[in-house]
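Given the structure of chain X, go ahead and fit chain W onto it with the hints provided.
Protein chains: 2
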Amino acid sequence: MGYARLMETVGRVNDLLNAQSILNWDARTMMPHGGHETRSKQLATLSVLTRDLLVSDATRSALDAAEAEVASKSDDAVEKQMVAQVREAIDYHSRIPADLTRQRAELGSIGHAIWMKARSESDFASFAPHLEKTVALNREMAEAIGYSEHPYDALMYRFEPGETVASLKPLFNRLREAIIPLVRAIGEKQPPRFDFLERDYPIETQYELGRRLSAAVGYDFERGRLDTTVHPFEVSFTRNDVRITTRYYRNYLPASLFGTLHETGHGLYEQGVDPAYTRTPFATDMVGLYAVGGVSFGAHESQSRLWENHVGRARAFWDNNFDVAKEYFPEQLGDVSVEEFWRAINRVRPGFIRVEADELTYDLHIMLRTDIEAALIDGSLKVKDLPEAWNAKIKEYLGLEVPSDAKGVLQDVHWSSGQIGTFCNYTIGNVMAGQLFETASKDPGIASGLANGDYEPLRHFMVENIHQHGRRYSRDTLLVRTTGRTLDPEPYVAYLTKKYQEIYSL
Amino acid sequence: MGYARLMETVGRVNDLLNAQSILNWDARTMMPHGGHETRSKQLATLSVLTRDLLVSDATRSALDAAEAEVASKSDDAVEKQMVAQVREAIDYHSRIPADLTRQRAELGSIGHAIWMKARSESDFASFAPHLEKTVALNREMAEAIGYSEHPYDALMYRFEPGETVASLKPLFNRLREAIIPLVRAIGEKQPPRFDFLERDYPIETQYELGRRLSAAVGYDFERGRLDTTVHPFEVSFTRNDVRITTRYYRNYLPASLFGTLHETGHGLYEQGVDPAYTRTPFATDMVGLYAVGGVSFGAHESQSRLWENHVGRARAFWDNNFDVAKEYFPEQLGDVSVEEFWRAINRVRPGFIRVEADELTYDLHIMLRTDIEAALIDGSLKVKDLPEAWNAKIKEYLGLEVPSDAKGVLQDVHWSSGQIGTFCNYTIGNVMAGQLFETASKDPGIASGLANGDYEPLRHFMVENIHQHGRRYSRDTLLVRTTGRTLDPEPYVAYLTKKYQEIYSL
Numbered sequence: 185m186g187y188a189r190l191m192e193t194v195g196r197v198n199d200l201l202n203a204q205s206i207l208n209w210d211a212r213t214m215m216p217h218g219g220h221e222t223r224s225k226q227l228a229t230l231s232v233l234t235r236d237l238l239v240s241d242a243t244r245s246a247l248d249a250a251e252a253e254v255a256s257k258s259d260d261a262v263e264k265q266m267v268a269q270v271r272e273a274i275d276y277h278s279r280i281p282a283d284l285t286r287q288r289a290e291l292g293s294i295g296h297a298i299w300m301k302a303r304s305e306s307d308f309a310s311f312a313p314h315l316e317k318t319v320a321l322n323r324e325m326a327e328a329i330g331y332s333e334h335p336y337d338a339l340m341y342r343f344e345p346g347e348t349v350a351s352l353k354p355l356f357n358r359l360r361e362a363i364i365p366l367v368r369a370i371g372e373k374q375p376p377r378f379d380f381l382e383r384d385y386p387i388e389t390q391y392e393l394g395r396r397l398s399a400a401v402g403y404d405f406e407r408g409r410l411d412t413t414v415h416p417f418e419v420s421f422t423r424n425d426v427r428i429t430t431r432y433y434r435n436y437l438p439a440s441l442f443g444t445l446h447e448t449g450h451g452l453y454e455q456g457v458d459p460a461y462t463r464t465p466f467a468t469d470m471v472g473l474y475a476v477g478g479v480s481f482g483a484h485e486s487q488s489r490l491w492e493n494h495v496g497r498a499r500a501f502w503d504n505n506f507d508v509a510k511e512y513f514p515e516q517l518g519d520v521s522v523e524e525f526w527r528a529i530n531r532v533r534p535g536f537i538r539v540e541a542d543e544l545t546y547d548l549h550i551m552l553r554t555d556i557e558a559a560l561i562d563g564s565l566k567v568k569d570l571p572e573a574w575n576a577k578i579k580e581y582l583g584l585e586v587p588s589d590a591k592g593v594l595q596d597v598h599w600s601s602g603q604i605g606t607f608c609n610y611t612i613g614n615v616m617a618g619q620l621f622e623t624a625s626k627d628p629g630i631a632s633g634l635a636n637g638d639y640e641p642l643r644h645f646m647v648e649n650i651h652q653h654g655r656r657y658s659r660d661t662l663l664v665r666t667t668g669r670t671l672d673p674e675p676y677v678a679y680l681t682k683k684y685q686e687i688y689s690l
Numbered sequence: 185m186g187y188a189r190l191m192e193t194v195g196r197v198n199d200l201l202n203a204q205s206i207l208n209w210d211a212r213t214m215m216p217h218g219g220h221e222t223r224s225k226q227l228a229t230l231s232v233l234t235r236d237l238l239v240s241d242a243t244r245s246a247l248d249a250a251e252a253e254v255a256s257k258s259d260d261a262v263e264k265q266m267v268a269q270v271r272e273a274i275d276y277h278s279r280i281p282a283d284l285t286r287q288r289a290e291l292g293s294i295g296h297a298i299w300m301k302a303r304s305e306s307d308f309a310s311f312a313p314h315l316e317k318t319v320a321l322n323r324e325m326a327e328a329i330g331y332s333e334h335p336y337d338a339l340m341y342r343f344e345p346g347e348t349v350a351s352l353k354p355l356f357n358r359l360r361e362a363i364i365p366l367v368r369a370i371g372e373k374q375p376p377r378f379d380f381l382e383r384d385y386p387i388e389t390q391y392e393l394g395r396r397l398s399a400a401v402g403y404d405f406e407r408g409r410l411d412t413t414v415h416p417f418e419v420s421f422t423r424n425d426v427r428i429t430t431r432y433y434r435n436y437l438p439a440s441l442f443g444t445l446h447e448t449g450h451g452l453y454e455q456g457v458d459p460a461y462t463r464t465p466f467a468t469d470m471v472g473l474y475a476v477g478g479v480s481f482g483a484h485e486s487q488s489r490l491w492e493n494h495v496g497r498a499r500a501f502w503d504n505n506f507d508v509a510k511e512y513f514p515e516q517l518g519d520v521s522v523e524e525f526w527r528a529i530n531r532v533r534p535g536f537i538r539v540e541a542d543e544l545t546y547d548l549h550i551m552l553r554t555d556i557e558a559a560l561i562d563g564s565l566k567v568k569d570l571p572e573a574w575n576a577k578i579k580e581y582l583g584l585e586v587p588s589d590a591k592g593v594l595q596d597v598h599w600s601s602g603q604i605g606t607f608c609n610y611t612i613g614n615v616m617a618g619q620l621f622e623t624a625s626k627d628p629g630i631a632s633g634l635a636n637g638d639y640e641p642l643r644h645f646m647v648e649n650i651h652q653h654g655r656r657y658s659r660d661t662l663l664v665r666t667t668g669r670t671l672d673p674e675p676y677v678a679y680l681t682k683k684y685q686e687i688y689s690l
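Just so you know, the protein sequences line up as chains X and W, in that order. Per this note's numbering, the first sequence starts with residue 185, numbered consecutively. Per this note's numbering, the second sequence starts with residue 185, numbered consecutively.
Calculated directly from the structure, the hints in this document are not laboratory data. Warning: the hint list may mix true and false statements.
Said to hold, decoys possible - Taking lysine-lysine pairs in the BS3-like style, the calculated list, with each CA pair at most 27 Å apart, reads: (1) K626/W to K682/W; (2) K264/X to K317/W; (3) K317/W to K577/W; (4) K353/X to K682/X; (5) K566/X to K317/X; (6) K577/X to K301/X; (7) K317/W to K225/X; (8) K591/X to K301/X; (9) K225/X to K264/W.
Treat the numbers as computed from the prediction; the structure is a model and nothing was measured.
Just chain X, with the same shape it has in the complex:
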């Protein structure tokens, strides 16, 4: 009875989290301007009730009973794993004082306006006091959550369980050692032709092309939608309703094209979760309080980056689909060869802004932020010294002089919301995508599918090895089961090196 009661409660928690996701999706795609203030209140109420339900005495007593019920089962029994995940989440939330959560939420709610103003005036000094409070509260949060080695480990736990400052160090070193020389070498080469990507691309047609390519790689529109938003995202309300969004620039085709493929990758993950896991712990992030089937932010990003980059920016993809793109844009692409198109969409150009970065330089932006966050949290870097540290890293990694804090340390929205600890997922996603893609490509069926424009074998591989398991296994367990080893940068490094040597004739 305890197990059944516990699962009934988790089902309700999942329903409430999905309701929040629906309200958030609506707010970011459909809601009229006037709705913001009351929508925040609706979300706050749902959020409080969800947490209260999860950590209630009734849930705890159901959990105790459920643990007794499943105690005799083997450790890899689904029931035992589900119960263990509820225990882990309740322990996590129990360690964090409600007052601390409230303080961080309050700080986050005022931060956006402060940051917007500071960024528009490129005035770091006016943002610094807010950031100092954010760092202090997150440090307090880290102490409450607990950690073995580094307080930043505690903050990453919610997004990338198991990842630590210590485990990131060799990974980042290896990536920097591989990427920085590549970027330098490319800087001495002639840039590819690019003009045609900045022609006039009517937005409705961009939508149609994006939708077609998304469906071509396997996104199921019977259980999904593609909408327009300002900051693209994917969100699911169970595997049965998985929505993606993108943004369109009339004079810049790649944003919607690769944005759609990126979110499609996230969407495929959620659509692929085992239906039996719907409304269970394996489809509910009870630590992060988010209804999601993917197991970590990094694992999720591995799927978006895999479809965006390993599939979507590959020469073979355009050998098979450039004629499709030309159907939609016959004039804009009429004088372009597939070779030119492929080179253009893979152009490398160091810049200041993370969200505009190309595939090769993106990880440098991420590593910079992760290292800086960790240093702020352990106190080795003071907020007042942040712009200097930031600008020095940009110079070291990209050879650029940051012209203003607006284009430097003030560019990201993340810190204004009170949140610290989530940047590393992007790079982990890239590394994991490289590792999964290397293994998958060794399968002759998958390789021949990719060569011939049939993406079903690759998607099937991901469903079998990653998607279907939902949150049952940890990221590294999934990696070991699929590739034989935990996170390993070598396939990704090899992929980047080979690809850019070819494109830029290095």
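Chain W alone, transformed into the frame defined by chain X:
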């Protein structure tokens, strides 16, 4: 403290009800096909938690404390009225056994499929057992809720508080006595030209025209949206986010045109509620468990019918707006005079189907259903005798022989959902619209506005007299304050008589 705690709880109840409304809106406008099953579970969870929160011990103790706090205030003090409405709702829910609510919900959840099949096969006998259970459960519900005279009164209470079978009798008699002879007389006249309303009207252009007319009468798109759906509706998530929907037929212009104006009328009501009432009892139907600012379903319908019919089907409206319509449809309306257009949109043609009925015959469909529901509930009509009773009324009211139960007693979805008691609101809305419009039109500013295409004076009158009050006053209190008397059919009868005498030269 009790009052503040109580209002905090009502605010949360309002948030949860609005969340349900958002999930319902999404399900009816945006959700991909695959999402239905899990969406039902999400809604069920929200529904249970909302009711649990409203009737919880904590809420009851806050209510007791709040009553003591406001006891010394005058009866028309806002605080006292708000507290009284919470008490009324909690008493209402306390009288209904949870098991009865569950049984009715379960019956409703299986009814749709049974009804769909029965209707498609025009087989009343296969629907009759379900309807018998529905009637029996609703009778039980009526006994639990309580009533003075007629059990149907208890069922109407949730939708039209204060309305009774006894109060409806003279109202319905007066309407039948006025409408049936008008319909007969019109039947002997030449029908107006109608062909041009069935030309090819591209849907995107219908949308644009509907949006323009909706904005012209004052609907605020900064706090609203217009979307497409199967069964048009309006829904609000506080006054700050009020959404309307319509449906489009490519070869039939009036559906979207007057559907949009109808839902606009509902939307204006919600957009006009006093901002100070947001998230309070005056914007929360705690009996019906629905987040709404309008005070009864009939009062709400008075606003939709007022803008659809009294404004939108008036000659003056088209004297001012026919050129606008011709901008959008120059070819389709090129050979049409405003006189012809106005006559066509007011065509009277008795038919079997309620949702296709014109303004004049609509109330006959409603009265038929209301009388039949009341008779089913008090046992004077047996389910097995229902088709015969239905067909006899259609013959009496409209002079038509019902050809099949699919076009007769099986046409409406309502009974399949387990719900009985809501039909009368449509006719009450018409009557109330007639009464309000008569009073408003006596204002020279309003009259001249309507003559000249300025709808702000009329909208302002409705905001001042009806909308802003939200659920503070009862429907009849609003009527007395605005028109000097309770519900009175004479203005509506006079309006119908004058209008159709003119159109059909009776």
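We went through each hint and held it up to the structure:
1. K626/W to K682/W: holds (16 Å)
2. K264/X to K317/W: Outside the cut-off at roughly 43 Å; violated.
3. K317/W to K577/W: Cα-Cα ~24 Å, so holds.
4. K353/X to K682/X: holds (24 Å)
5. K566/X to K317/X: holds (12 Å)
6. K577/X to K301/X: It holds: about 25 Å lies between the C-alpha atoms, which stays within 27 Å.
7. K317/W to K225/X: violated (41 Å)
8. K591/X to K301/X: holds (14 Å)
9. K225/X to K264/W: holds (25 Å)
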